[in-house]
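Asker: Listed below, chain by chain, are the residues.
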Amino acid sequence: MRRAAPAVALAAALLSCACSTAPQPCKDQSPGIARDRCYADEIATLGPNQRAEAQLAARAISDPLIQSEAVIRWIGANAGSLQPPAGQELCNLIDAADRDTCTRRLNSPHLQR
Amino acid sequence: MATLFWGLACGDGAPIEAGPCERYAGTSTEGFCRARAAGEAARPETLDAYCAASGEWAPLCHQSFVRAQLAQGAVPRAVLIEWCGGGADCALEVLDLRPAEGWSEQRALCLEWAGPYAQDCLTHALGRWATGAPTAAEFDALIADPGPDAALVGGWLGAVVACRGLRACPAEGPTAAACAEGEATLRAEPHRCPQPIRGPAGPPPIPPSPAGSPAAAPAR
Numbered sequence: 000m001r002r003a004a005p006a007v008a009l010a011a012a013l014l015s016c017a018c019s020t021a022p023q024p025c026k027d028q029s030p031g032i033a034r035d036r037c038y039a040d041e042i043a044t045l046g047p048n049q050r051a052e053a054q055l056a057a058r059a060i061s062d063p064l065i066q067s068e069a070v071i072r073w074i075g076a077n078a079g080s081l082q083p084p085a086g087q088e089l090c091n092l093i094d095a096a097d098r099d100t101c102t103r104r105l106n107s108p109h110l111q112r
Numbered sequence: 000m001a002t003l004f005w006g007l008a009c010g011d012g013a014p015i016e017a018g019p020c021e022r023y024a025g026t027s028t029e030g031f032c033r034a035r036a037a038g039e040a041a042r043p044e045t046l047d048a049y050c051a052a053s054g055e056w057a058p059l060c061h062q063s064f065v066r067a068q069l070a071q072g073a074v075p076r077a078v079l080i081e082w083c084g085g086g087a088d089c090a091l092e093v094l095d096l097r098p099a100e101g102w103s104e105q106r107a108l109c110l111e112w113a114g115p116y117a118q119d120c121l122t123h124a125l126g127r128w129a130t131g132a133p134t135a136a137e138f139d140a141l142i143a144d145p146g147p148d149a150a151l152v153g154g155w156l157g158a159v160v161a162c163r164g165l166r167a168c169p170a171e172g173p174t175a176a177a178c179a180e181g182e183a184t185l186r187a188e189p190h191r192c193p194q195p196i197r198g199p200a201g202p203p204p205i206p207p208s209p210a211g212s213p214a215a216a217p218a219r
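First to last, the sequence lines map onto chains A and B.
According to numbering that gives the first Met the number 0, the first sequence is numbered sequentially starting from 0.
According to numbering that gives the first Met the number 0, the second sequence is numbered sequentially starting from 0.
No wet-lab data here; the hints were simulated from the structure.
Using N, Cα and C, we set each Cβ at its ideal position, and we do this for glycine too.
Where hints are given, some of them may not hold.
To be verified - Computed list of chain A residues with no C-beta within reach of chain B, every gap over 10 Å:
1. K26
2. Q28
3. A39
4. T44
5. L45
6. G46
7. A85
Said to hold, decoys possible - Stretch by stretch, here's where chain A covers chain B in the computed footprint (C-beta under 8 Å, at least three residues):
8. 20 to 27
9. 162 to 172
Construct the complete structure from the given sequences, taking the supplied hints into account.
Answerer: This is the structure in structure tokens:
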């Protein structure tokens, strides 16, 4: 029983570490693709009434393609609930090469049904 | 080296190079990267295989390729639609930017290629006509042959009568009621007369009502 005690204690310590590990907030991660993907995943969880949060997170993404993809995906999911000028602010954040795709999703009623 | 070998060994014989998209390997961004590069990176003979590797962004991949070809101006409409790979929004964009000369032909193209967006395709075509330079002959031709959606056509005829001062609604026939209603509404609310709107993707989505008629569209 006494020989097993250190092993049990070690196992308990490891288990408690695994159970208490929480995802690191995006802002606390090192700059890079992983952090940008963190923000992109965060944006995907935001609803149409969280446009300001989506815009803030999008601005924090440094990779232009990850930023474009995140914004276009969010606009595609929420355009039907947005006023076009507000949505256009998000489209204007992204790379010019992707802006037409974003704007089309924002302004096309047929894509919002 | 392994990536290059894989690229040469797999696919349809043409190397599908990851190139600048490789840094996003294993994420959806890789597919997005490929999709937006389709205009330069893909070729007609390998387009389907190239875009299939874009995952969820495959429709955008086809659309990006087609947009690049639209800019060239030389590719026939039918080929562009084929390159849409079944994407209805892509086909709609082609039909908006490369419409047929006459209403009957455009109507047929909308019904054949625009899939779930056929009504939008027809609405866009009628909107371009109504806000362009409609002629009396064209007006009369629409009355004579409105097609299966006479109410949609009738609404736009009413818009032309009220907003452009052209002709008069027919007294009878399948377009008569919708034309009269559209005319009455727009004479009462002339600020709702449809206006041409130019967007980045060419002829606009004219804001339709659920019925597609201009009289029921929100005012701009």
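Asker: For every hint, state whether the structure bears it out.
Answerer: Hints, verified against the model:
1. K26: 20 Å, holds
2. Q28: Fine: 15 Å to the nearest Cβ keeps Q28 of chain A off the interface.
3. A39: 8 Å, violated
4. T44: 15 Å, holds
5. L45: 17 Å, holds
6. G46: Given a closest Cβ separation of 20 Å, the condition holds.
7. A85: 17 Å, holds
8. 20 to 27: With 4 residues closer than 8 Å to chain A, the region 20 to 27 of chain B meets the three-residue bar; holds.
9. 162 to 172: It is violated, with 0 qualifying residues against the three required.
The structure shown violates the earlier hints numbered 3, 9.
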